[in-house]
Each structure stands twice: as C-alpha cells, then as structure tokens.
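There are 2 protein chains.
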Amino acid sequence: MTPASLSGPMSFSRPMGFSHIAIIGLGLLGGSIGLAIREFLADASTTGYDRDPDTRRRAATRGLVDKVCESSPEAVAAADLVIFCVPPGAMAEAAREIAGSVPPNAIISDVGSCKVSVAKALAAELPDNPVIPAHPVAGTENSGPDAGFAALFKHRWCIITPPEDANPALVARLSAFWEALGARVESMDAAHHDRVLAVTSHLPHLIAYTIVGTASDLEEVTQSEVIKYSAGGFRDFTRIAASDPTMWRDVFLANKDAVLEMLQRFTEDLTALQRAIRVEDGDALYEHFTRTRAVRRSIIEQGQDDARPDFGRGDH
Amino acid sequence: MTPASLSGPMSFSRPMGFSHIAIIGLGLLGGSIGLAIREFLADASTTGYDRDPDTRRRAATRGLVDKVCESSPEAVAAADLVIFCVPPGAMAEAAREIAGSVPPNAIISDVGSCKVSVAKALAAELPDNPVIPAHPVAGTENSGPDAGFAALFKHRWCIITPPEDANPALVARLSAFWEALGARVESMDAAHHDRVLAVTSHLPHLIAYTIVGTASDLEEVTQSEVIKYSAGGFRDFTRIAASDPTMWRDVFLANKDAVLEMLQRFTEDLTALQRAIRVEDGDALYEHFTRTRAVRRSIIEQGQDDARPDFGRGDH
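Going line by line, the protein sequences match chains A and B.
Quick note: this note's numbering has the first sequence finishing at residue 380, numbered continuously throughout.
Quick note: this note's numbering has the second sequence finishing at residue 380, numbered continuously throughout.
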C-alpha cells in the first residue's frame, strides 16, 4: 500500500483512532488493555493510575502503560479515551476524582460486568463527557497487576452499551478500538446486557462460589478428600470461585435483580432434577443430560472454548 | 540392578502382577485402561468386549486391547483380572453374562463412580470370585472407543473399596496394578466413597447439567447470546454437562441418597447467598468469596489441576 492510498477516500470511512488512552485501575483488565494497546495500537500512548501504590509499582515494572501516574487527574489530563477498569462499586468514586481534569471531548468508557448501574454512575459524575460503557467478556481467575496479558481479548466478544443519544461516530471509534485489540464487538441495550450476563457469567460464578463453600463445610468428608478427588468434576468449579472477591461482591450487588431472577429459574430446574432423582425417573434424567451436550458443541464450533478434552489441561 | 537382585528378598514383597486382563466395556475408561496396560505393563495380555458392534470394530482398529472378542465369556475365559467398564446400571447384567465362564480365582473389579450398589451387584452375580471394586477418579467429557488415551490415570487417584473380608494380598495386587498405570491409590469403605464422590463429582455434574439447561430455556436471552458470551464463566459448566448421559443417569440413580443429601446442603448454602444478595449484605458475600480461593490453591498445590490461568486453555 502506498502512502497515497492511506489518504485516499477509504480512510474517511475508517473511524479515527485514539492518540492518548488513560487506564484507571491496573489489574487483570486494565493491565491487559495497556499491553494490548502497546502490541496492536503502537501509535497510541497510554497513561495509567491505580489507587494501590503496590499495584502502581508493579505496573511500572511490567510496563503495563507508557506512564504510571501518581493521581488519576494527572493520568487523564491529555486523554481522548478514559477506560475505568475498577470494580463496579468503585466506578462512581473513580469518575468523581477526574471530574474537572478530564478534557471534555474525551470518551469515557469502562470494562464493568454490569452496565445499567455503571453507566448511570459514570454519566452522573461526568455529565460533560460522552459516556459509552463497554464490557469485554474475557478474563481469567487471576487478578492484580501481574495477571494481565496482551492476548486476553483475542476472539472474545466486547459488548458496547451506548446510551440512546450516543453519537454514532464515537460508538464506531470505540468499536474500532476494541476490534484492534482482537475482540469482536456487539452493541446492545444496557438492561439486556445485564440479563444476558446474569446467565452467562454472574449465575455461574454464584453457583461455583456456593458449591466450593458447601464442599469445604462438610463434617464427614474432609477438606483433604475434597481436594484429592476434585478431578471428578469439582475442580472445574474452583477455578471461577477463585476470582476476585471484591469485583464479584460488587457485581452481585449491582446486578441484583437480574441475578435473583436467573437464580429463581435455576432453582426451579434444579428442583425438577432433584425430584427426578428422588422418584428414580431415569428417562427424565437421560433426556435432560442428552439435551445439554448440544450447547457444548455450539460453543466449540463458535470458537468460544478449547475443543480439546478437559480444556486441554496440561496434565494429559 | 543385576538379575540376582530381582529375585532377591525384595521381590517377595512385590505383589504378583496380572498376566491376562479382560476389559468389559471399551469406552473412555476401558479403552484408556487397555492403552495404559500396553504402555506400562507390556508383559500382560488383554482381551476386551463391548456389546456395541461398532465400538468393537473401533476398538480393534485403535488396538485398545490385544484381542477384541465377540462375547464377554470368550473375553474372560483366561483372565486373572476382569475389569467392568460399563455404566453402573449395566454392571449386574454384564457380570451375569460371564458367570460360569470366568476362572474362579480371577479378581473381579470395575471402574464405576458409585461403589455400594456396584459392589453389591458384582458380588451377587459372581459369588465364587473375589470382588474388589475400584474407582479411578479420572475422565474427560468425551466418551466412546475413540476417547481413551494411555495417560488418563497419571497423577489421578484410584479409590479401591475392598469388602471387609477381602484378601489383603489381592487388594495389594490390584493396588499395584493401578499404580503401574500411573495412579495413586487410596482405600476406603464403599459407603464413605459414595459420600465423598457425591460432593466432588456427582453434585458438580448435577449442577452443571442444571445450569446449562436453564440457560438453554430462557425466552428473553437467545441461545446464540448464551453461546457468544459463554466465556464469562458459563462455558466452564458446559464441559462436564457434555459427559455421557447414560452413565450419569445411572450414577444419580445408584447414589441417590448421598446425592440428595449433598444437594440439600448445597441448596441451603445457595439460599443463604441469595438472601445476602437480596438484603445487599456485601460483607457476607465478600467473606464467602474470599474463603473459596484457598481451596483452588490447595488443588493446584496437590497437582490435581493445571496452575495456568483459565486451565491453560489453548486460546491464550
């Protein structure tokens, strides 16, 4: 491609990139965004801030952003995109801290797992800026400044939940940003997002946290036995039950209604299977267990999980 | 080591190996045992049988055993160890088929996930043989004659549940067999086994089957959305919910009492967390979510799971 073609008509339809991105919160998500920008958007510069001094030090050592700042106003001072990567319950305070320091044309976004409450908090604290919330559906059970890596968003979906009056050009800019980081982008209403994620993420975490707790509290089966024989299925649940407790506390509080509704449906279904076991209705059990296989197949076909047996765990 | 030392006093304490092992049922477990014997116990010969002709053909093509027989009496005719690798509900019939054909000194064992009911069925059908049930706590979500591999038992535990009057020399022989295949062996009472596995394996499968069903049945969230955003946690559950439906139907029927009791405790714990969400008790949620992290750490420390984030899934 010649330089001439870069300035040709095609370039007008390509959304303008960001030149300076500020990342507030330098844990798994914030750190991964910083590393991914360095890898995939090398022209953009990054600043970052975390309220934990230890995290700031680690972030500087790992080079998660070009410059780790000592305050969030300093980090956002020259930004055209600010991404909040803090737990849902900390969004309002983090946004309040930069009010008055952030340039008024900077897009405000985030990576929170709940969108209605976070969108409301960001818009309330930063009324002069365009707020376009987003949620990359990606993560691991690890957290903190050492957990991030540049490829976290590759092949994962990022859901953008623009408010009704959002400027389509800004939405396109943010979408292009996430696509550059390797994600596929989908746009939806914040309330719908919260219902979808209640079932694909929040309920699974709640169930996993519950069963790991149940297994730890038994009297007649020892903790040591639970751990030794965990390869029978239990160990799968312990992974997501090792996720960041602060973030997940906030998620359940912020998306309370949708989570409680999905939990109600889950409990009904569990009660039906419980009854099938009690009355020894083998046909009902068999029918249910056959149906659930197809879902796994679709997830693998669509590139959302590893096709190898046992997630391709290293011990095979 | 010189040949002389092999026949020295030490060799008397080493349990005698098996010279001919018959495997009834050539799916994931049976196939893996056959392949592991070829790799780790090359002196032993193996025969196998499966009631499904297609499975027998695939087993012969893959070489899961030295000889695939057309009947189970033929497969066990010269065996000193018979291992039943069929679903718990099929054990009695499979045992009945070989009664009268199996040599009376052959040890009868199995790989069933429930031990009280299976032990009873095997002892009733084969009263003249020593019955020593076993359960290798290993597997993947795949089933059938193409699913097995020789390393399945490496670093996994195999639980042996000898009856009270079992001959210790035979128990030692069976233990040595499983250790040769790479497993670590533990011995316990069959009833205790069934309670331990109810929590480390059966309950997790029931919960996973339930939540995958719940997610598939929602009206306002489409199946396509559930699949797209499954990386938020849901996809982890779909793996074990893709396990063999026949086997799992049988497990829940065979271990009904222990499963229902563990389910009762799980439901109580889930109700407590549900209440904490409803009354917005963030401290209770945080406390619970912090506690469950330690269990994951122990599982990894004890080599029962992959330490890499996200199970080391291939997409990182």
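Wrong hints could be hidden among the right ones.
[Claimed, not checked] Okay, the calculated bits of chain A under chain B, using three or more residues with CB under 8 Å as the criterion:
hint, stretch
1, 125-137
2, 192-205
3, 275-282
4, 358-366
[As the list claims (entries may be wrong)] So the derived label-pair ranges between C-beta atoms look like this:
hint, chain 1, residue 1, chain 2, residue 2, range
5, A, L324, B, T125, 49 to 55 Å
6, A, A371, B, Q287, 17 to 23 Å
7, A, D229, B, Q287, 27 to 33 Å
8, A, H219, B, Q328, 38 to 44 Å
9, A, E134, B, E351, 30 to 36 Å
10, B, P232, A, E351, 42 to 48 Å
11, A, D130, B, G367, 22 to 28 Å
12, A, A371, B, T286, 20 to 26 Å
13, A, G376, B, P117, 29 to 35 Å
14, B, Q287, A, D130, 39 to 45 Å
15, B, R115, A, E243, 34 to 40 Å
16, A, A371, B, R160, 36 to 42 Å
17, B, S288, A, D347, 47 to 53 Å
18, A, D347, B, R115, 19 to 25 Å
Note that these hints are calculated values from the structure, not bench results.
No residue lacks a Cβ here, since even glycine has one placed at the ideal position from N, Cα and C.
Here is what the structure says about each hint:
1. 125-137: violated (count 0)
2. 192-205: With 5 residues close enough to chain B, the hint holds.
3. 275-282: holds (count 8)
4. 358-366: holds (count 6)
5. L324/A with T125/B: 49 to 55 Å: holds, 52 Å
6. A371/A with Q287/B: 17 to 23 Å: Taking Cβ atoms as reference, A371/A and Q287/B lie about 19 Å apart, which means the hint holds.
7. D229/A with Q287/B: 27 to 33 Å: Given a distance of about 32 Å, which is inside 27 to 33 Å, the answer is holds.
8. H219/A with Q328/B: 38 to 44 Å: Given a distance of about 40 Å, which is inside 38 to 44 Å, the answer is holds.
9. E134/A with E351/B: 30 to 36 Å: Check passed, 33 Å falls within 30 to 36 Å.
10. P232/B with E351/A: 42 to 48 Å: Since P232/B and E351/A have Cβ atoms about 45 Å apart, the given range 42 to 48 Å holds.
11. D130/A with G367/B: 22 to 28 Å: Between D130/A and G367/B, where Cβ atoms are some 40 Å apart, the hint is violated.
12. A371/A with T286/B: 20 to 26 Å: For T286/B against A371/A, whose Cβ atoms are near 23 Å apart, the range 20 to 26 Å holds.
13. G376/A with P117/B: 29 to 35 Å: With a Cβ separation near 32 Å, G376/A and P117/B satisfy 29 to 35 Å, so the hint holds.
14. Q287/B with D130/A: 39 to 45 Å: holds, 43 Å
15. R115/B with E243/A: 34 to 40 Å: Since R115/B and E243/A have Cβ atoms about 53 Å apart, the given range 34 to 40 Å is violated.
16. A371/A with R160/B: 36 to 42 Å: Given a distance of about 39 Å, which is inside 36 to 42 Å, the answer is holds.
17. S288/B with D347/A: 47 to 53 Å: violated, 29 Å
18. D347/A with R115/B: 19 to 25 Å: holds, 21 Å
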